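Sequences and hints are given; from them, build the entire structure.
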Amino acid sequence: MTSTVATICADPVILDQWHPLLPLEEMTADNVGKTILLGEQLSYQLDTHGAPVVWLAADADATPLPVLVEYLYVWVCLGSPPDALFAIPEFAESDRRNIHAGTIGVHVSAPRAIENFLDMGHFPYVHTDILGAEPHTEVAEYDVHIDPDTNDVWATECVFYQPRAATTSTEGQMSDYLYRVPHPYCVILYKTTPLAAERMDVIALFCRPIAEDRIEAHMFLCLLDPDNSETVIRKFQQTIFGQDKPILENQYPKLLPLDPRAETPIRADKVAIAYRRWLSDLGVTYGVIPAA
Amino acid sequence: MNDPKSLWHPVATSIDLPRHHIFHGQLLGREVAVWRADDDFVNVWENRCLHRGVRLSIGTNDGNELTCRYHGWRYANRSAGCTYIPAHPADAPARTICNRTFPAVERYGLVWSGEDPVGEPPLVPILDAGTPFTLRSLPVNASAEVVLAQLGDHRFQPVDALDGDHAAMAVTELGDFALALTAIAASTPTTTSTAVFFVQPVDSDRSVIRAVLTDTPADSEQIAVLRHHATRLGQLVALAETAAADQPAPEPMVATIDQVSLALSVMPERETNRSAPLRVQVARKWETAHDIMAFELVSTGNPLPTFQPGAHIDVHLPNGLVRQYSITNGPGDTACYRIGVKLEAESTGGSQALHDTVNEGDVLAISEPRNNFPLRRDALRTVFIAGGIGVTPMLAMAQALQPMGLAFELHYFAQAEEHLAFNEIRSTLGDSVTVHLGLSPGETSAELTRVLQGYDHANQAYICGPGPMLEAARTIAAEAGWPDQAVHFEYFKNTTEIDNSSSFEIALARSAVTLQVPSGTTILEVLRDHGVAMPSSCEQGACGTCVVPVIEGDIDHQDVHLKQTERDAGDQIMTCVSRATSDRLVLDI
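If you read the sequences in order, they're chains F and B. At position 35 of the first sequence (counting the first as 1) the number is 35 in this note's numbering, and the numbers step up by one without a gap. Just add 292 to the spot in the second sequence (first one is 1) and you have this note's numbering.
Check each hint, because a few of them may be wrong.
Said to hold, decoys possible - Over 12 angstroms on every C-beta distance to chain F, these chain B residues come out as not near it, computed from the model:
id: 1; residue: His-343
id: 2; residue: His-380
id: 3; residue: Glu-398
id: 4; residue: Arg-447
id: 5; residue: Ala-510
id: 6; residue: Asp-550
id: 7; residue: Met-559
id: 8; residue: Arg-571
id: 9; residue: Thr-592
id: 10; residue: Asp-654
id: 11; residue: Leu-800
Said to hold, decoys possible - In silico SDA-like pairs for lysine to any residue, Cα to Cα no more than 20 angstroms straight-line:
id: 12; chain 1: F; residue 1: Lys-270; chain 2: B; residue 2: Ile-389
id: 13; chain 1: F; residue 1: Lys-245; chain 2: B; residue 2: Ile-389
id: 14; chain 1: B; residue 1: Lys-577; chain 2: F; residue 2: Glu-134
id: 15; chain 1: F; residue 1: Lys-270; chain 2: B; residue 2: Ser-553
id: 16; chain 1: F; residue 1: Lys-270; chain 2: B; residue 2: Val-590
id: 17; chain 1: F; residue 1: Lys-191; chain 2: F; residue 2: Ala-57
id: 18; chain 1: B; residue 1: Lys-855; chain 2: B; residue 2: His-780
id: 19; chain 1: F; residue 1: Lys-270; chain 2: B; residue 2: Ala-555
id: 20; chain 1: F; residue 1: Lys-245; chain 2: B; residue 2: Ile-350
id: 21; chain 1: B; residue 1: Lys-577; chain 2: B; residue 2: Leu-531
id: 22; chain 1: F; residue 1: Lys-34; chain 2: F; residue 2: Ala-57
id: 23; chain 1: F; residue 1: Lys-270; chain 2: B; residue 2: Ile-350
Calculated directly from the structure, the hints in this document are not laboratory data. A quick note: this is a predicted structure, and the numbers were derived from the prediction, not measured. Backbone N, C-alpha and C define an ideal beta-carbon position, used for all residues, glycine too.
Structure representation (structure tokens):
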């Protein structure tokens, strides 16, 4: 049941997206770094002005690829780049802390990782006593819609009991969630914070597809928490994702099946069903098993 | 050569299946989860949860069920049917979600299975004639074909000549994936040992050698024998892997995963009819009497609502069924609900599910308590008559009267001592309880006659039990002079055949709406279809939850909830079963 698909991506929908290569802070002017995106070997370095430059490692001319610096990361496009990346207005709010909480390699396709991020039902079982706990296992009815202007997938009115929803939590709470999928391989979560009634913490997962069935997931936070150290916050996020990793790596098939008859949905999977349909409608073929 | 998918192959050794373990195996490219239940049944399943494809081998085996690590879905021993979906304790779909199973047989210390095997696992006469001794299995990074070719040249020493060398080897082929090798000591040809080597085709480039000696060595020699074979087989593995490395890598085998049925591929609709707003956790489950399981249910959130003695709750079961159970608690005992569930011989899945698949720690969706069997607390004498599990509401009622100093007697009819439930509650009721054991129907009637004699002012009787007993009690009470209003019944179920062939019109007086009730459809269904929110519980005319006042029209009652005087009054119906004999009913809703 293991196979690494190392072919170079031929999916125009995915090629024409911005992809998060790595945090800007990890790029230097001194060394040429090497990495892989969508099966392509890439080289990267900061230029003398401190701007990131990325090129195909096999390209003797080192022709720069289109790059963008946004939300702490360097984004690259291997095809025709869209004008802009999706908006996260909270990033610019002065009382928030923008944190790169870590990058975790996972042997699974990006859409499987996104779907896991959209899933509340696993909290009591995978994130026991942190994001969920038995017997509070029920996933209450929530709403799902596609934003007609931005074409983002939204899940709203999500509520789940959480013993320790964040580093700032001192007791269990009913957490309100909003989920947003603005990009086939990126997902954003807006979550109640114990610190401000009307505002929400922003937690995002930006996946860099290495191969169809292999990713590095960057965890991006935009928090209202003024007190906890970055170490504490990073450790919390890495603990959570470290719990997800072995589950994701034991999913079969590793590519997300878009055929409705491949798996058995329940009502809690409403947003996952919407995400799968949305990928089908976009025509995504990389990282998924398209419906017949 | 036979199609390998039509053959039985070993997929594990028996010692790979210790208590509550799940073994991860693979055969012909397909992963399997192999686990032994507490009843010793060996399950070989597709190693994949039907929900999101997570390997079941990383889940947990509690001896009865296998629980998926990802979302806690539970699958039953033997059938692999899903018994619980924790994300939806309320509206778990009443659909059959069943994982793929493969046959399993234990033989020669090995677990045998196959994709689609024909007949029985192979019988090997030399093993059946001996005392088989299973050797350590060795995985090999080589195809079964390569391994079998190497095994043809495999050498080992007889058990009684382990220290020697150069034993002569005799090879017997045993079908496509096995051979027997006999080692004959070089010095003494009468000293021999025979081992059968089964090669399990894991994938196109991987195998497992599973070897069985025909005769079990003496205890003192077993370690040395195991070590000898492990060493020799280790050498064979190295040779086979070298041989395989010289060949081009074969295409991996592809195991097709069955599609789920069309019905299961669609997100189920939300259950909106019978409401189950409460979530409770099974804090304790115990056998309170023969075939009667007691459940203590505690809230998972807000405190539980108040209940009255005689009240019942609807329990929404993981299999989609809804059942009613009386609360047994006394006054003030409000931190939990305790119910008793009798395993019905002809259970259609309700009591069976509670007995077999609902465990301590599970979450259940229940309705708020409803009381259609209210207790008067102004009687000078109260007679409780309980048959079997019918004792449950009486226990709550008796506990309510006792601290008030109101006289009551509880007559508890049961087959035998071991059928008496909730002894711990009964013991607090003292001499007020009389137990009647093992009476025939005639003896029961005689006892009821005795118990119900001497009706007096402000006497009340409450009767709950099986239908024939209730009918007898009803008649006896009437003959003894009990007025209808003083005798209260609760039926377990409505055993009358419901005739729903009539068609008629219902007029909703308060909303000025007229609706048609066609034959085959209940008034309750018609009301709900037109957006009228209606409570209901048993939906068979026994509990009285869906009662509606009637202003005008001739009623075809068909329920067992109403007393005769109430029926005669003709001013209320049970919308789940009652119909009209006139063309039109005017309902006060």
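Taking C-beta pairs only, is His-380 (chain B) more than 12 angstroms away from all of chain F? Answer for His-380 (chain B): violated, closest chain F Cβ roughly 6 angstroms.
Chain F versus Arg-447 (chain B) - minimum CB to CB distance exceeding 12 angstroms, so not interface: Since the minimum Cβ distance to chain F is about 35 angstroms, Arg-447 (chain B) lies beyond 12 angstroms and the statement holds.
Hinted pair, alpha-carbon criterion (20 angstroms max): Lys-577 (chain B), Glu-134 (chain F). Please report holds or violated. holds, 17 angstroms
Between Lys-855 (chain B) and His-780 (chain B), is the straight-line Cα distance small enough, at 20 angstroms or below? Within the cut-off at roughly 8 angstroms; holds.
Taking 20 angstroms as the top limit, are the C-alpha atoms of Lys-34 (chain F) and Ala-57 (chain F) close enough? Holds: Lys-34 (chain F) and Ala-57 (chain F) sit about 8 angstroms apart, inside 20 angstroms.
Check the hint pairing Lys-191 (chain F) with Ala-57 (chain F) against an upper bound of 20 angstroms on the C-alpha distance. Between Lys-191 (chain F) and Ala-57 (chain F) the Cα gap is close to 40 angstroms, so the pair fails against 20 angstroms, i.e. violated.
Is the Cα-Cα distance between Lys-577 (chain B) and Leu-531 (chain B) 20 angstroms or less? Not OK: Lys-577 (chain B) and Leu-531 (chain B) at ~57 angstroms, beyond 20 angstroms, violated.
Minimum C-beta separation from Glu-398 (chain B) to chain F exceeding 12 angstroms: can you confirm that? holds, 25 angstroms
Does Asp-654 (chain B) really sit off the interface, with its C-beta more than 12 angstroms from all C-beta atoms of chain F? violated, 8 angstroms
CA of Lys-270 (chain F) to CA of Val-590 (chain B), is that 20 angstroms or under? Violated, at about 29 angstroms.
Verify the proposed pairing of Lys-270 (chain F) with Ile-389 (chain B), using a straight-line Cα cut of 20 angstroms. At roughly 18 angstroms apart (the allowed maximum being 20 angstroms), Ile-389 (chain B) and Lys-270 (chain F) satisfy the hint.
Lys-270 (chain F) and Ser-553 (chain B) were given as a pair; does the straight-line alpha-carbon distance stay at or below 20 angstroms? holds, 19 angstroms
Hint compliance for this structure: hints 1, 2, 6, 7, 8, 9, 10, 13, 16, 17, 21 and 23 are broken, all remaining hints hold.
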